[in-house]
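J.: Each chain, letter by letter, is given below.
2 protein chains.
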Amino acid sequence: MAVSNIYAVILAGGSGSRLWPLSRELHPKQLMKIEDNYTLFQSAFIRLVNCVDDKNILSITNTKLESQVKTQLLEMQEKFCRNSTYRIITEPECKNTAPAIALAIKYIEKLQKDKNITDDAIIVAVPSDNLITDNEKYCHAVSEGIKLAQENYIVTFGVRPDRTDVGMGYIRAKNNRKIKTVVPQALKVESFIEKPDLETAKEFVESDKYYWNSGMFVFKASVMLAELKKYQREIFNIIKNSDISSQTPSIAYQDYKDMPDISIDYAVMENSKKLAMIPLECEWKDVGSWEAVYDISTLDDNGNYLMGNVLDLDSKDSLVYSTSKLITTIGLKDTVVVETEDAILVCDRNRSQEVKKIVSHLKERQDSVQYDHKTVYRPWGYYTVLNEGEGFLTKCIHVNPEAKLSIQLHHHRKEHWAVLEGRALVLKGEEYIELGKGDSIDIEVEEKHSIQNPYDEPLKILEIQQGDVLDENDIVRFEDMYGRV
Amino acid sequence: MAVSNIYAVILAGGSGSRLWPLSRELHPKQLMKIEDNYTLFQSAFIRLVNCVDDKNILSITNTKLESQVKTQLLEMQEKFCRNSTYRIITEPECKNTAPAIALAIKYIEKLQKDKNITDDAIIVAVPSDNLITDNEKYCHAVSEGIKLAQENYIVTFGVRPDRTDVGMGYIRAKNNRKIKTVVPQALKVESFIEKPDLETAKEFVESDKYYWNSGMFVFKASVMLAELKKYQREIFNIIKNSDISSQTPSIAYQDYKDMPDISIDYAVMENSKKLAMIPLECEWKDVGSWEAVYDISTLDDNGNYLMGNVLDLDSKDSLVYSTSKLITTIGLKDTVVVETEDAILVCDRNRSQEVKKIVSHLKERQDSVQYDHKTVYRPWGYYTVLNEGEGFLTKCIHVNPEAKLSIQLHHHRKEHWAVLEGRALVLKGEEYIELGKGDSIDIEVEEKHSIQNPYDEPLKILEIQQGDVLDENDIVRFEDMYGRV
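Line by line, the protein sequences give chains A and B. Quick note on numbering: this note's numbering labels position 81 of the first sequence as 81, and the sequence is numbered without any gaps. Quick note on numbering: this note's numbering labels position 370 of the second sequence as 370, and the sequence is numbered without any gaps.
I should point out that these hints are in silico values taken from the structure, not numbers from a laboratory. All residues carry an ideal CB built from backbone N, CA and C; glycine is no exception. Warning: the hint list may mix true and false statements.
[Said to hold, decoys possible] Dumping the calculated DSS-like pairs for lysine-lysine here, alpha-carbon to alpha-carbon at most 25 Å:
no., chain 1, residue 1, chain 2, residue 2
1, B, Lys357, A, Lys316
2, B, Lys437, A, Lys325
3, A, Lys137, A, Lys113
4, B, Lys316, A, Lys333
5, A, Lys137, A, Lys174
6, B, Lys110, A, Lys395
7, B, Lys316, A, Lys356
8, B, Lys437, A, Lys428
[To be verified] Now the stretches of chain B that chain A is said to cover, found in silico as 3 or more residues with beta-carbon under 8 Å:
no., stretch
9, 91 to 105
10, 380 to 392
11, 414 to 426
The whole structure should be built from the sequences, with the hints applied where relevant.
T.: So this is what it looks like as structure tokens:
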């Protein structure tokens, strides 16, 4: 197979605050499974495999999400029987799409250079949080987009709105005039309008000139760089002057930190004269709010979507989603109820866009409940905080087969471990001890220790931490198979 | 002080399903604190002390609630500096008010007989779940009631309705005609109407002839027995033929089981010709539903009552009550949200009467969440179930000063205890071991053990249970200071 100059970039760094409390800054919606065996991010990957050489599919995310994206890509690797790992570009901090796309272009140019390819790269940039069902039509549209990008257009993909939605960006097609090109259905773009008010959105939906911006773009690297130079000189300059290695695909924190926090829509699309739009013919759903989740859900006879441990009496047109506790509802109408281990949302369904205001409030008051779930993912598996109280904390620790936690010690806490499932190889001081289900062991303050699972079965351990300071940062690492020393 | 033939009986056996999930079958609303330092039951006790000799105040409850009622009465004993314990009559199973009142009469007659008092007893029977603020007016009304009862009336107390409420019982006064008696404000009663429909309730509230039934009654023991004989022969016969001791005030389970499960209102009040009513002039609130709790709460400028960890955006006229997790709300109207450790209720405020339907559903499907909280009260203190999973269970155990758990063993589980607060004296096998904060110990399957707190400070212990069968019934008791062997 000839080396291709066509790349895809999956934008997977979003914080997904609008599906809070199910999504969190550290567990955003693109990394969640919604009505499928794969996460939204993985589904985006699978779709692209039909249009682009899978070795050329890159993901870009921020450092906090990197290990989760890595885990999800490992599953893709297995699915497509690849030996080499799929690449992740990491943003040193969480920024909007313009800096992310600029960083991706920089990295792709570096790859091209390393391979001595002089052809300009064509880049398909896609969000990681859309629901698209018809892969064939999707792939056809992307192929047409690639053709159009060869002719130096920046190609957008428009979706015909089927409802008024103020949470969307809209593309106005220029009198629906087609472009004379190889792609017959391509339209000229007159303007980009981000999140209009309700009145304006209604007009847009009634008119036939407006499309939702799907957030997917295809462009030549050089064309996008030229537009950034023209309309976003700051981003252009930082990217031009920064170094990137093909080994650890990222740029210096200091450089990235100075990037304006702006979307590619505001940065380029609202200004560029090189835009074309291809109407997306397949079903396309943005899962940008609880209202949107409701819209894509299979409803019962009362117009309800009831998920998990729910007991309802007489509610209508409501979404009730329980992840752990029993939720009982009586006589609700157009209401969203979402329960997670540590937070509950009860919200007028038509106002679910405002969840992001709640998340901002929580962020302001530094409530960790906006940031992370009680369940925290680590390279070796995950843990769930069960209970916290003064002087103690309990966790359930899940260690994947053939994984191990680092060799470490704590200055301020002792730990007690009880094996609930599987077998553990425990390092206590200098001694290795095997524990089976039902066994337990104490680790003293300042004692070197490690939990390891060299076996085939998953290992589940209940941990009690006791001490005056119980802090994830009270950890001294000696050895770590995931390079965290 | 002369021995008095006037008794008060606090009816404290109700299951309070309408304030679920805050109230539970094993933690009903009368035993909860609502807007006060005392529970509703304790407040009822305190009110009665002004009208009746406190030694003659009896409480009646069912066996499941007995230990909680006992604990609450102990606090009353301390408050009123009494050495002798206040008496509790126990119903062998949970029944409505008619059997409870019959049982109380039987016991009071026995007391009178033991004391060689031939005078007929006058009994003031009161619910344990009302909110009444003006003790002086209340006490005056009760005294008037006692006078009227001496004249062989069964005295009810009516409250002028200030809103339409279909959850109430109504008393229709006979053309507001007064009774020619020592009590000038007393009225004749024409009829009793339990829980009318909305239309009827509206008419009642507009008319000046209707009063809410406060559920308080005063009567001569002989008069009520005669009415029971006349209108509820079954109850009368069982009571007449059963034995009761003044030591353990209860009757045989077999007898009580056969009692019709009927309220005193249906059993007697709807039929009796001996009724009189005294209008209750003081503020009186029934806390019979979340709507009622909303009505008695101090509201903010948006008409909301937000309690606990709540973050609201723009809701109106709603009650949001969190006991543990964060609840966030957006744009609610007339909604009740109540969160407890294991269940959540979200309900149209005007339909909060229907919570009892939810509780029935849960009962049908044998969901323990209708029955008890994660926190369970015991004679020695209480415990909270923190987490349950396959093969393990964690609890936080609170042991009162100078209390101890029984000496026991388990056939199917081992236990690990970590002291979080205070000091513990632990029996492990045949050995007593002292543990301080931060210490921990393992108890093996079949090993005799006990947690004791002979110290002044409360003791808090974290327990991990591990085993294939984790059941409160897997317990063999050897010694117990609360007579549970």
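J.: Which hint numbers doesn't this structure obey?
T.: 2, 3, 6, 9
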